[in-house]
Each structure stands twice: as structure tokens, then as C-alpha cells.
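Undergrad: Taken in order, these protein sequences are the chains called L and S.
Sequential numbering of the first sequence, starting at 1, is according to our numbering.
Sequential numbering of the second sequence, starting at 1001, is according to our numbering.
It should be emphasised that the hints constitute simulated quantities derived from the structure, not laboratory data.
Certain hints may be false.
Once the Cα atoms are required to be at most 30 Å apart in a straight line, the calculated DSBU-like pairs of lysine-lysine come out as [as the list claims (entries may be wrong)]:
hint, chain 1, residue 1, chain 2, residue 2
1, S, K1294, L, K348
2, L, K130, S, K1336
3, L, K302, S, K1138
4, S, K1208, L, K488
5, S, K1219, L, K252
6, L, K302, S, K1208
7, S, K1216, L, K348
8, S, K1219, L, K248
9, L, K481, S, K1208
10, L, K130, S, K1138
11, L, K348, S, K1261
12, S, K1138, L, K348
13, S, K1294, L, K302
14, L, K488, S, K1138
15, S, K1057, L, K252
Computed from a predicted model, the values in this text were never measured in an experiment.
Take a look at the letters that make up each chain.
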Amino acid sequence: MKKVLSIGLVRGVLGQIVGTAVGIGLLTGIRALMGLGWKAEPAAVLGAFFGVFGFLIAVGSVSDWWKWAKGEETIEAEDFKDLPGVKRYYGVSLDHKVIGIQYGITSLILMAVGGTFALIFRTELAASGKQFLDFDLFNTLIGMHGMVLIISILLGIAAMSNYLVPLLIGAKDMAFPRLNAFGFWISVPGSLVLLSAIFVGGFDTGWTGYPPLSLRAPLGMQMFFVGVFFNGWSSILGALNLIATILKMRAKGMNMFRMPIFVWAVLATSIIALTATQLIGLSFQLVMFERLFGMPFFDATKGGNPILFQHLFWFYSHPAVYVFILPGLGIISELLPVFVRKPLFGYKWVAMSSMGIALTGFLVWGHHMFTAGIEEYLRVPFMYSTLLVAVPTGVKFFSWVATLWQGRIRFPVPMLFVLGGIVVFLLGGLTGPPNGTVSTDLHLHDTYFVVGHFHDTMFGGYIFPLFAAIYYWYPKITGRKLNDTLGKLHFYLMTPSFLVMTFGQMYIGMLGMRRRIADYDPAQGFDTSHLIITIAGFLIALSILFLFINLIRSAKHGEVAEGNIWESRSPEWTLLPSPAPAHNYDQDFRVVGDPYDYGLAGSRYIEPVLRPVGDD
Amino acid sequence: MEKPHIKDMRRILIASANPLYGKGLEKLLTQKAGGILPDIRIASTMAETLAMLEEWKPDLVIVDYDDRTIDRGQFLNQFIAGDRAMQVMLVSLKASGTAVVYDRRTLSPDQTQDWLQLPIESQPSQGSVHPRRSEGMKHFIIVAVLVAVSTVLVNLLLQNIGLLPVEASTQATIIDRLFNTHFLVISFLFSLIVVFLVYSLVVFRRRKEDAQQEGKFFKGSTRLEVLWTILPLGTVIYFSYLGSLSLAETRRVDPQALEVKVIGRQWSWTFEYPEFGIVSDTLQLPVNRQVLLKMTSEDVIHSFWVPEFRVKQDLLPGENLVKELRITPTIIGSYKVRCAELCGTLHAYMESPVVVVSDVDFQAWVDEEVKLLNADPATRGERVSKQNGCLACHSVDGTRLVGPSWLGLYESQRELADGTTVVADDAYLLNSIIKPNAHVVAGYPPGVMPQSYVDSLSDTQLSDIIAFIKTLK
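Hey, can you work out the whole structure from these sequences and the hints?
TA: Listed below in C-alpha cells is the structure:
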């Protein structure tokens, strides 16, 4: 028993259960004292909040701060020692690499869960007519698919940023190691609360949670709001930490324009996450309060306005899309030069285009509301700002193509995913403008065209680059390479299946297939297309299963990776052994050149700084 | 090694004792530089050259290859010592203008030897720019042709696989025109990127024989970056302008428009024609006449969409949030309006027929509906009974169906299942419709009749049905 309790995760879950019980008991007790009876919804919401706090206390993520508050000493983060073996991943660690892996594994688990939801409702949609899913469950599943995968993406980005940024900029750790750990651990109970929505009635609004529908939805709606709320904390705190780390902890000589390009992308992403996430938290909180306390924010009959919610919601949720894709595009720009053996074309322009996308991303939220009934005159300026996003995005594409031009291109598995990412994201980008011009969007809005477009941007901008990053840095994490054959199988199965799936979705969408419907009219003739989409969806799942098998198998049996296996110029490959040791570089380095001068004989990016003799 | 772009060089130092060499080169550079003039200085002695190198820090030094007053050994020592980016170009007038370029950071010992010994014939091969450039041009021309071919093919494909439903309204025609422009631009940009990408993957892939060779070193071009920022910027602004025109056209107002009020609720549609006082569950529209839909919702957000008409508009709850949509149907036929905004459990099934008819047929439909409106309550009641499925279970000719027949029902004695007897007066009939299980007639099972009529039928409709029953004697 003691052994089990020594595992932080187990303690945390128990803490969450206890906390939830306390929360429910407290509210019910207060109501009883006031002479009121049992009411499920406020009890459940307070329980969910207390449960999250219970988890955080029990897992030990706040104990150092508690000690500080009491005036006790704690160890310095740089003296922190991880537990041996895999045990380190089950409890609170202050090591950015361990936290990165914790984020990564949680993200992959949620990816599997969210993907499974999709497989379930895709099976229902394989033919017209009702097969096996009850409509309310169908609606819950589409909403959960969306939100669980959004959380998965946010955690996946946090995984990449946490693991890579300190390594790439030559820092020993993140700026605030305890905040870093807290940011991860709050997402775990948050995600558990989110998943619990299925078991307390679900919700029928989709991931967007528009009122007034979300005001009438079952209790699951509240769990959805609370779960997202806490994951938002994780996102904000992580972004804060990354910005501080990037601005203050770079190696000597690494001025902003000598940073690895991925770090630029993380900086742009973090600026959005830090400043916009509050808005989705706020919008969900307002609905939560309208349900709990009857504050009529969105009730038109009492002076509220349902459109207000959509403004608040999309003010985050559109920039959020750029939070999802910018790090992935950064990975593409980061890995391309390594495999092309040539400098990244127009480094400064690529770096600035990330900032450009981040900035314009804040000005375009209205394009989600072209049919919603916003003021007519607002639609035109939003159309202009929306299409402007094409400019910095175009800079990225042109620069990638120019980087490939006259290179000596190599094709290991990570490069395959990089190239797949470019093509798929291109499709996502090109199918954007028809949604951006108002009159064509009047046709496309809320159809499967949007579904196809969105999945193209998410796969091209996140999933493909994430997989590229996994194949590329897995040896740095484990000291062993992922199996090449399985990797190629993964790529060559997933890419065509994915293209078939989204082309199918966009095709039926243009012809009149609405989003989020549990059944469709056979008279519209979409049966065959839907069947093909479903089969393609299952093939994607199968290919990702290959990845999971590869990840688990190669950790023990993979080929040992020694030295700079990709012939990269980056410090984590040139200076560090694999797996990367705790606290990273035991010797400082300084930057003496540009990061991607592949093909410039004799040039160097970094050189070790020799410690003066006697200074020890 | 890449020939330095004169335009990227801000400060150029020319080292030559020959004044004609310096002046001539300066003139040439100024002409070539176009808009932004580089800062050019001329040094005519060794000492001057070294001093300038140290203090003025040029980006590029052009050394007269044939001039012996510039001591190469001394110059080289100075040149390789610094860590600032600097390039040197050896230009020989005697060897018909051949030039060799070195970067200070990558100068190899071999190149140093070459330079010091002045072997004009044995210039490093990468110094010669011309063959490279023509090879680059060859690649560009092939790719340009492929991009053009691919653009045509992709566009042809998009135009011909039938991506859009029938164009059944004026608005659809306007919108499809913009769609076609989109298809063209998509075809071009797709081809541009993908052809370049695939061509690079094939032609510039690593081959076995040069496994360790790196790619051609070039880091960027401000001119290109500016070009592919400005051109797309212009394009998207123009496209937004086209989009605005298209939107304005779809919203063109016809003052003669037929007004229809659209009401959405979970999960059905109702259409009211205030001009005629008609209420219908089918949207009947005359062809080629604009209809102005004024839309509102009774509960949550819904969205009005007939794919064949293209345009879409959400319906919001709230009296102050009535939204408008204008459609001019152009093809006679039957369509369906389907809710496009997730509205709860039966969202998928929230649909109603939309029928576009000729003017004559529309007038006939209106006349028929109005006649019924003005008809006596009993006639209206008969229609309501038919529309709501009453007559599926209650016969009007005395036949026993699922429920009791309505023939001779009014003011008759009813024996109930609990043994009591009541007279079927107005109150009894009303109560039996809205609370079907309150008084079940003996011999009929309870719980069969839907209990939803209390919500779905208006008071007028209820009294009309009762009026109809009264006529069945």
C-alpha cells in the first residue's frame, strides 16, 4: 500500500476523489443548513473544483510553495534529483525534460482517447440511418472528440516546448521549474474532469458550447467547462514560463536572430496563449454562472445576447488555432535545413512570419460568425483581415520551397513527416480563402468542407510535425532510435488515408453535408463517400497504432543512437550524449555563427566556453 | 561559392592603384545596383586599404587581381583575422573580367595558396558563376512549364468533378462565380508549391556518389522575400475587394420582395406569410421573385440553409434579434431547408420541404390556403386533423380504428374505462385532445395517443378541430 502511495499519480487521483467528495459534501451541507434540498449541479461543480485542488495537493505539486509560505527551506531546482528509471514520470519532477515527457505521454493518451471517439461516431456515420449510437451520445462524442484533441494538442505543444526550448537555447532548465510542474499537473485532473462529462449526461453542443443550447444541456456541460477551465490555466502558466525562459536564459552570443527557428515559433505561440486563453475561460465561466446563478449574460429575453458569447469564445479560439500550428510549422522550419543540407531560406522572414501570423490571428475571429448574425458591416473588415493571414503563411511556404531548391535532400522518417506536413498544411491553407470571403462562406459555413479544411490545418500544422519531432528527437530522449520500417509504414499508410478522408469531407461538404449531424438523408447520395471516409479514418488509427507500438518497443529494443545521428548543427546533438543528461549541458557554450549554415564549410554555430583555470 | 549580390552589399571597398579600374568599377556597380546605392570607396595604396579594412569595415572588398601594389600576403592576414562577415572579390581585367569570390569565414588553406600564387588559370571551379546560373535557369524553365500545365489540369479537374449543387437562385450564381475564381487561384498556388517541391525532391535528392556533399549554400534573398510578401498582399486585398462586391450583390434588395417570416424551434420550421396571413410547414416560393426571409428562433440557435440556394443565416432567439436573408429562386422544383447549426438531440432531422413553383401555381396555392383561412372553422379543422395525423386513428365514418370514431361523437354518452359515463361536450373533447389519458373510453387502451398536442396545436386549431367534430353527425 505504501509502495502504491509513493506513486504521485495514484496519490493525486485519490486526492481528487477525496476533494470531489469534500466539495459535494460542503455545498450540500451548506444548502441543508439553509433548509434547501439536494441539487446536483452546484454540488458537482464545486466538487469538480475541489477535486482538482485535491489532486494538486496530494500529488505534491504545491508542497514547496506551502513550505515557503511557512518559511521552510526547500532544495534549489538545480539540485533536484529525479527518481531512477520510469518512476520519475509518475510524480512531481522539476526537470524540464521529465515534465516534457509527462506532457507528451499525457498528450498521446488523450490523442488515442479523442481519436477513439471519432472512430465510434465515424462508424455510426458509415451509412445513413441510425446504426447503434443514440443521438445524445453522438452529440456528446463529437464535442468530446473536439475538446479532448484540443487539449491533447495543447499538451503536445507543451511537451515539445518544454523538452526542446531549454536544450536548444543552452539553458539548464525552464525559468520557473515549480510553476512548470504545476502547469503540467493541473492539466491531469482537468482532463479527468473533462472526460467525466460523458458519465454525467454528456452535452449536445459540440466543443463550441454555444448558448442558449449550452444553458439547457445536461450536467456534462459543466464538467466540460470546468475541465477546459483548468487546462486553460496549464496553457497560460506554461506560456508565461516559456516566454521568460526564452527572453532571459539564452546562451551567450545567441541574439534573437540566432535562436533556433523553433524557439521563435514557441515565442509567438506563447504570446498568444498568454494573452488570449483567458477569453475562453471567461466565456465558459459566464455560461457556468448563468446556469448556476441565473445571471442572464446570453439570454436575449432578459437583456443578454447569445452573440456576445461567440465573440468572447472566438477571440480565443481563433488565435488558438495558431497556437496549435505555429510550433508545428516551427518544427518544419527547424528540421528542413538538417535534411536538405542547406540554410533555412530567409531565416529572419520565417521568424517574423510567425510573429505576423500571431498578430493577424487576433484580428480575424469574426470570420467564424459570418452567418451568425453579427452586424452586416462587420463582415467586410473581417474578410480583409482574414485573408491577410495568407501573407505571412505564404512567406513560410515560399521560404520552405526555396530551402529545398538546390539542396542535397535526404529522406529519413522525420523528413517524410516534414514533407507530408508541408503538403497537407498547404491543402489546409488553400481551402481557407473560400471560407474567408463572406459570400462563399455563406455556403460553406457549418458544413463538412470546414471539417475537412480544419483537419488539414491541424494535421499539417500539428500532427505531421509532431510525428516528425517524435521520430527526430526520440533518440535524444531514450538513447535509442525508432524502428525505421515501422516508421515508414506509419507514414505511407497515414498520408494517403488522411488525404482521402479530408478530400472526401470537403467534397460532400460543398455538396450539402452539414456538420455535426448524427444521420443524413440518403437522398443526398453521401453514403458511399461517408463509407470511404470512415474506412480512411480507421486506417489512420491503424497507422498511429504502429507509432505507439514503435514507441514502446524501441525504448528497449531499438538500435542504440550514438553521437550526432542526423548530422545536425544544433547543440543538443553536437554537445550532448543521448539520452540527454539531467540539467543538460555541464559546460556552457557560446553562439559564434548562424544556426543553419549547412553547406558553409568550416562554419560553426556554437563553441564550448572553456572554464577559466582555477574557477571551480 | 555564391556570387555576392551587389544589392545586399552596403559598403564596398575597391582596392586598386589604377584609377581607371576604380572609377570604371564604381560606375558599373552604381548602374547595377538600381534603387539602393551602395557606399563605394576607393583605396589606391596598401596602407589605405588596410586602414579602411580596419575602420570602415566594408561588406565587400574588390581587389584588382592584376595590381601588384596591393600586397596579397599582408591583405590576407588582415582579412582572415576579423570575425565580421566580409567577402573579397578578385577581379581581373586581363582575364576578361573573371572574378573569384571568397568569404572570410570559410577561406580554406588551399584557396589561400591559390591566391598568393596568382595562378589565373587554376581558379577554383566554384568561382565561375556562369555555368551554374544557366543550370539554375534550366531548372526554373522546366518548373515554370510544369506549374503552368499543372495549374490548367487542376483547375479543369476542380471545375468538372461537380463540387457544387444545382445553382437554383440568383445568389447561387453570384457565389459560384466567386467559387470559380477561388478554384483558379487554388489551382495555381497548389501547382506552384507542389511542383517546386516535388521537382526538388526528385532532382535535388542526395545521390549515392555524393553522399557527403552539402546543398548549395545560399541563405536568402531580401528581394525575393519582399516580392513574395508584396504580391500576395496585393492579391488578397484585391480578393477581399472581389469578395465584398460578391457579398453586396447577394444582398441586392428588391423592394417588391415577398416577405416570409421563418420560425425555427427544436426541431421544426414554421413559415408565415404576413401578406396573406398564411401559416405553413412548407416554404412555398414563386420562381424568379425575391423573397425576404425574416427569421427568429423560439429556443436555441438554428441556421437556415438550402444548399441549392447557397446562402445561409442563423436564427437567434430574442425578439430584437430578427435576422434577414434574401433569396431569389430561379429553378422550379423541390428542395429542403435543413438546420445547419447544432441545436440538440434531433438536429439532424430538423428539415422542411421548400417548393419553388411558377407564379400561377404560387397564386393557386395562396388562394387555396386563404380560402381555407376564410373558410368556416369546421373546414379548417378538417385540414388541421389531416395535417396532424388525427384521422389516422379516428375515422369520420364510424369505422373502428385505433381510437374511437368521431362520427356522431359530439354530445353522445361515453362509457369510460372506469365505469362512469359522461356527455361528450366541448370541454370533454378539448380535454381528451390535450390530456388523452384523463378519460379513456371503455374498450380502448390508454397511453396510445400522443400527449404532445397541448404544445403543438394552437387554441384556434383546437377549437377548429372541435368544430369539425361537431359537423360529423
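Undergrad: Quick check: which numbered hints come out false for this structure?
TA: 1, 3, 6, 10, 11, 14
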